[in-house]
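Q: Sequence order for the protein chains is A and B.
Just so we're aligned, residue 337 is where the first sequence starts under our numbering, counting upward by one.
Just so we're aligned, residue 12 is where the second sequence starts under our numbering, counting upward by one.
Derived from the structure by calculation, the hints contain no laboratory data.
Each hint should be verified, as a subset may be incorrect.
Cβ pair distances, simulated, as ranges [what the hints assert, rightly or not]:
# : chain 1 : residue 1 : chain 2 : residue 2 : range
1 : B       : 286       : A       : 463       : 43 to 49 Å
2 : A       : 504       : B       : 36        : 36 to 42 Å
3 : B       : 15        : A       : 626       : 52 to 58 Å
4 : A       : 558       : B       : 355       : 51 to 57 Å
5 : A       : 581       : B       : 354       : 37 to 43 Å
6 : B       : 149       : A       : 558       : 29 to 35 Å
Quick reminder that beta carbons are idealized off the backbone N, C-alpha and C, glycines included.
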Amino acid sequence: MTTSKSSNSSDTNNQAMNIKLLNTYLPVSALIMCLLTGLAMPAEAQVRDRRSEQPNEIRSGRMGTDFGGGNSRYGRRGSEYKTRRFNNNLFGGNEEQGNLGIGLSAAAAINWQTRDAGYAYDTHYNGSWGAAAGIMVTYRFFDWMSLRADVQYAQKNYKMTRMSPTMQSMHIHADYTNHYLQVPVMVDWTFGSKVKSHIYTGGYGGFWLAGNVKRVSIVNEKEQKTRYEFSPEDNRGDGGIAAGVGVTYDVLPNLRVGAEAMLYYSLVNTVKRQPVMNDTRYNNTVTIGVMATYIL
Amino acid sequence: MAITGCREQGDVYMDPNDSMNMNYTTYAEQFDVIWRGINTHYVFWSEDKTNWDAVYQTMMPKFRALDSLYKADTTVVDSAAYVMLYSEACSSLLDHHMAIMWRDVHTNKQYVFRPGEKEVRSRDYTMGQVYTSDTIISCIKEGITAGMLDGGRWGKWGENYHNFFGTATLEDGRKVAYLWQDGFTMSQAINSQATNEEEAQFIKNIKSWMLMCTTEPNLAGIILDNRNNLGGAVNDLRLIVSPFITEPIHFADIRYKEGMGRYEYTAWEASIVDTVADAKRNLEAEHIPYVVLTNAYSISMGETSASVIKMMPTGHMIGERTFGAHGMLINQHSLFYNGTFGSKSDKHYIYTANLQVNFTDGGILEGTGITPDQEALQADFGYNGVLQKALDYIKGYK
């Protein structure tokens, strides 16, 4: 939780003296608490124990003066600077923000398959756009490192086209829309303060839920849309490497918004391994989108 | 690079239709090419229970053993043993159109094995026999002699097609139009010029039968004899069905393969026999039965047409369960990249369907055949006995 400006209504002289005492007592108290518990607890949990449940309520402090809840700022001679409150989080971190975040992401997804068309000389497999969206949870260990896990719906689409003049005149093609559920888990390497740059590295696991095909075939030159029928050779599990970059901005103390680009490089063949003749088809998916995180 | 190395490398697909891939010199190499060709070109993997990978793993050592035998003594490879290996490898394949032709890599002697024919000969009602056109031609001639059919003449188109048009007269004086043919090439013939008398008669037989079916006022019934009909053009349905229906008949759905994978199918698409604008005769309104005769060697279009006639309002099928070769063939490799591959003049040629057929009445019947409405086995009644069943049905039809 970030601090926000609030006005101090007490006498200026008393305020200055109390600030000096607080600067001494608060860090010492926090240190004692940390040593006593021996636990790495989020700074917010400890601070909340000593903080008013209703931040706007004025409570008397040790010296009989007023001080606000966690949203106050204290400055020497009335100026403002961030109070460096000691926190007992063993992993460090920015004590002004919580460590846990929950958010949403939405993106456009471009996917293409790495596969061999064999001797179908005029058959090409090309990339195709789709969509992706998900819920994400982040946990900050350090200001520069967090862990992020998403539960995400992603489309991994591709197109088949026939490029010979005869096939082109007949517009023979098949557009595959494949619906996946995937769970990327990544380390978020963070740089910056209010405007942050992110590098994500990790992996993902997923499952091929369903598919649709829109095609024009040689037999019937009218476009037809059908559900994809899974075969015994289809491998519905998915997984691989997840990596990306992003930039975020803290628009509010609790709210972070940003844009990101991710690569999902599948290491799982969409076709099960066959004993004699192995056919390999791998998805490569890039998502470009936006995200918003609420920091608890 | 390390990351891309985590992905498996796929096997290279070799085009078995490319003459470059027919330069093999050993029995094992030949089997490998044929196996891979069937692996990617065969359209029935979704229905076929054959474990094709297990076939490779079982049979390849046997072909290598044959190579070892030849290497030891170049005269010892036995033709029968050679054929047996392909029979063992391919017997269980469902496609009843399939013919596997190959040449001995050393002697160039050609062999052929047909899995469908082997299965049909094993049926109890065929008793191991292969029915031939010569037999039925003889029987029809006997039928004419016996007075079952009036007159009629024989026609011949090219080297492979024969037909016969005749009539039968019932006791009440009503007429029955009868056509027998051993293949479907009606559309092509009637739109072509005859080059000799036999071809002219062939065309005349078709036109006479159609004329009688559509205009004879005293018509009691129609018989299309598809026994020993080896198939042909599907679009002949426009001549034998369309003039007699007032509603289109959706008789089947078809699909083919659009990629290298065994199960890379297109969607099912409807095959429909349309009406014609100048529909000649409403058989249903006039209570005129349309009987199709079949036997175990009614093959391909010879049995598909029977299935369609069965679906007509007054259609009726009499005879034996048919051959079971329904997959359609469009022999254009560059269009489909599946189906037939190789060359008859080269070291291998595999004749196989490239479209699956799923009948609206009965489902996928590849390898099973069309079951008649009224069973009449050739072994029990003979050719003319079955024909008599048809005449009796027409006589008693109400």
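Q: Check each numbered hint from earlier against the structure, then list the numbers of those it violates in ascending order.
A: 3, 4, 5, 6
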